[in-house]
Amino acid sequence: MSKVNVGILGAGGIAKVHTSILKKDERVDIVGIADIVEEKAKLLADEVGSAKVVKSVEELFELGVHAVYVTTPNTLHVEPVIKCLENNTHVFSEKPMATSLAEAKQIKEAAAKSKAIYNLGMNRRYALVYKKVKELISSGDLTPFLANIKMNRGELLHPPWTADPNVTGGFLYETPFHLMDLCRYLFGEVQTVYCEGRQNMSDAEMDTFAIMLTFESGAVANFVTYAHAGWSFPFEAIEVYGKYSTVSTQELEKVTYSLGLNQPSRTSDFYQLSVEDKWGYAEEDRLFIDAIVEGTKPPVTAEDGFLSIRLLEAIYESARTGQRIDFRNGDHE
Numbered sequence: 145m146s147k148v149n150v151g152i153l154g155a156g157g158i159a160k161v162h163t164s165i166l167k168k169d170e171r172v173d174i175v176g177i178a179d180i181v182e183e184k185a186k187l188l189a190d191e192v193g194s195a196k197v198v199k200s201v202e203e204l205f206e207l208g209v210h211a212v213y214v215t216t217p218n219t220l221h222v223e224p225v226i227k228c229l230e231n232n233t234h235v236f237s238e239k240p241m242a243t244s245l246a247e248a249k250q251i252k253e254a255a256a257k258s259k260a261i262y263n264l265g266m267n268r269r270y271a272l273v274y275k276k277v278k279e280l281i282s283s284g285d286l287t288p289f290l291a292n293i294k295m296n297r298g299e300l301l302h303p304p305w306t307a308d309p310n311v312t313g314g315f316l317y318e319t320p321f322h323l324m325d326l327c328r329y330l331f332g333e334v335q336t337v338y339c340e341g342r343q344n345m346s347d348a349e350m351d352t353f354a355i356m357l358t359f360e361s362g363a364v365a366n367f368v369t370y371a372h373a374g375w376s377f378p379f380e381a382i383e384v385y386g387k388y389s390t391v392s393t394q395e396l397e398k399v400t401y402s403l404g405l406n407q408p409s410r411t412s413d414f415y416q417l418s419v420e421d422k423w424g425y426a427e428e429d430r431l432f433i434d435a436i437v438e439g440t441k442p443p444v445t446a447e448d449g450f451l452s453i454r455l456l457e458a459i460y461e462s463a464r465t466g467q468r469i470d471f472r473n474g475d476h477e
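Going letter by letter, the sequence shown gives residues 145 to 477 in this note's numbering.
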C-alpha cells in the first residue's frame with residue numbers, strides 16, 4: 145500500500161491526540177471520522193483537513209480504511225474492535241481492551257483468527273520516565289525487589305462521565321489501568337493479588353484501593369489508587385528498589401535513580417517536551433503504523449490486553465471478597 149488509510153471511531157479528547165500525531169506521519173492518510181454526535185466528528189474532521197464525516201465503523205469500512213482507531217468510551221470498545229478484526233481491518237484500540245474478562249477473551253480469540261493487527265493503546269509503556277525504568281531493569285542495572293506505586297485521580301467531576309461505571313467499566317478501568325499494565329511490563333507476570341477496597345466518596349462504586357501484588361520474578365509491589373485526591377503533584381509516581389539501588393518517578397515529568405552505594409543520583413526531567421512525546425503517544429502511534437507497513441509485531445498485543453484485564457478483574461474480586469487471588473491455582477483463566 146502507498147499509504148495507510150486510517151479511520152477514527154470516536155471524536156473525543158484522546159482522538160484529537162492521535163489525529164494530531166497521525167496527520168504528521170507521511171505514511172498515513174486520515175480518511176474518515178466517525179461519531180454518533182455529528183458535530184464532534186465535524187470539528188475533528190476540520191482539524192484533520194480532508195477526512196469525511198460518518199457515523200459508524202461500517203461506514204469507515206466503506207471509505208476503504210486499512211486501520212481504525214477505536215477511541216470510544218471504555219464500555220464501547222468490544223463490538224467495533226471485533227467488527228474490525230472480522231473485516232481484517234487493522235485496529236488500534238484505546239485502553240482498556242474490554243471491561244470484563246469474558247469480553248477480553250472474545251477479542252483475544254477474534255484477533256487470533258484475523259489477518260489484521262490488533263494493538264492496545266498503552267501509552268505509559270512509551271512515556272519517557274517509564275522507558276528509563278524499563279531500561280534500568282532490562283539491562284540488569286536494577287533488579288526489582290520491591291515497588292511502591294501510586295496512581296490517583298484528582299476528581300471524577302470533569303468530565304462527568306468519569307464517575308459513571310456504566311461508561312468507564314469502573315474506576316480501575318480508567319487511569320489506574322495504565323499502571324496495572326505497567327506493573328506487568330516492568331516486573332513480569334503477576335502471581336498473587338490481595339486488595340482492600342472502599343467506597344468513600346463515589347455514589348456508585350468503590351473508589352479507594354490498596355493492593356498488594358507478588359510476581360513470578362520474585363518482586364513485590366504495593367499499589368494505591370484513590371479517585372478523589374485532588375491534583376497535588378505528583379498524582380502518579382512509582383518507586384522501585386533493588387540491591388542498594390532506587391529509581392523513582394514523578395508523574396511523566398521526572399525520573400531519578402541511584403545505582404549502588406556511594407553512587408550519585410541522576411535525574412532526567414522532561415518538563416519542556418511535548419505531551420505527545422513525553423507521555424508516549426507519538427511512539428505508540430509510530431509503532432502501530434510500523435507494524436502495518438513493515439509487518440512487525442504490534443507493540444501491545446491481544447494477549448497483553450487479556451492478561452491486564454485478568455489482573456484488574458482479580459483485584460476487583462479480591463476487594464469484594466477479601467480473598468487473596470492466586471493465579472497459580474488457575475484463577476481467572
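Hints should not be assumed to be uniformly reliable.
Claimed, not checked - Within a straight-line C-alpha distance of at most 30 Å, the following computed DSSO-like cross-link-like pairs (lysine-lysine) qualify:
#, residue 1, residue 2
1, K184, K168
2, K275, K422
3, K199, K184
4, K186, K196
5, K259, K147
6, K276, K422
7, K167, K276
8, K259, K199
9, K147, K422
10, K387, K278
11, K227, K294
12, K147, K168
13, K160, K147
14, K227, K276
15, K196, K294
16, K294, K147
17, K168, K294
18, K160, K252
19, K257, K276
20, K276, K259
21, K422, K167
22, K186, K387
23, K199, K275
24, K278, K422
25, K167, K441
26, K441, K387
27, K160, K199
28, K441, K259
29, K275, K160
30, K275, K441
31, K276, K160
32, K168, K249
33, K227, K278
What the hints assert, rightly or not - Label-pair distances were calculated between CB atoms; the ranges are:
#, residue 1, residue 2, range
34, F289, G208, 25 to 33 Å
35, K275, Y388, 22 to 30 Å
36, P378, G404, 48 to 56 Å
37, M356, D169, 26 to 34 Å
Calculated directly from the structure, the hints in this document are not laboratory data. Even for Gly, the Cβ is constructed at its ideal location relative to N, Cα and C.
Query - Pair hint K275 and K160, alpha-carbon separation not exceeding 30 Å - result: holds, 24 Å
Query - Agreement of K168 and K294 with the hint, judged by alpha carbon distance not exceeding 30 Å - result: Violated, at about 34 Å.
Query raised in the report: Regarding the pair K387 and K278, is the alpha-carbon distance no greater than 30 Å?
Result: Given pair K387, K278 holds - Cα atoms ~16 Å apart, limit 30 Å.
Query raised in the report: Holds or violated: are the alpha carbons of K257 and K276 at most 30 Å from each other?
Result: violated, 35 Å
Report task. Take a quick look at whether K227 and K276 sit within 30 Å of each other, Cα to Cα. Result -> This hinted pair is violated, its Cα atoms lying about 37 Å apart.
Query raised in the report: Would the pair K276 and K422 pass a check requiring their Cα atoms to be no farther apart than 30 Å?
Result: holds, 12 Å
Query raised in the report: When you take the CB atoms of P378 and G404, is the distance between them in 48 to 56 Å?
Result: Check failed, 25 Å falls outside 48 to 56 Å.
Query raised in the report: Given the proposed pairing of K278 with K422, does the C-alpha separation stay at or below 30 Å?
Result: holds, 15 Å
Query - Pairwise hint evaluation, K147 against K259, where the allowed Cα distance is 30 Å at most - result: holds, 19 Å
Report task. Sort out whether K199 lies within 30 Å of K160, counting only the CA atoms. Result -> holds, 17 Å
Query raised in the report: Under the criterion that the straight-line Cα-Cα distance not exceed 30 Å, is the pair K184, K168 satisfied?
Result: holds, 21 Å
Query raised in the report: Given the hinted pair K422 and K167, is their alpha-carbon gap at most 30 Å?
Result: holds, 19 Å
Hints 11, 14, 15, 16, 17, 19, 20, 22, 23, 26, 32, 33, 34, 36, 37, counting from the list given before, are not met by this structure.
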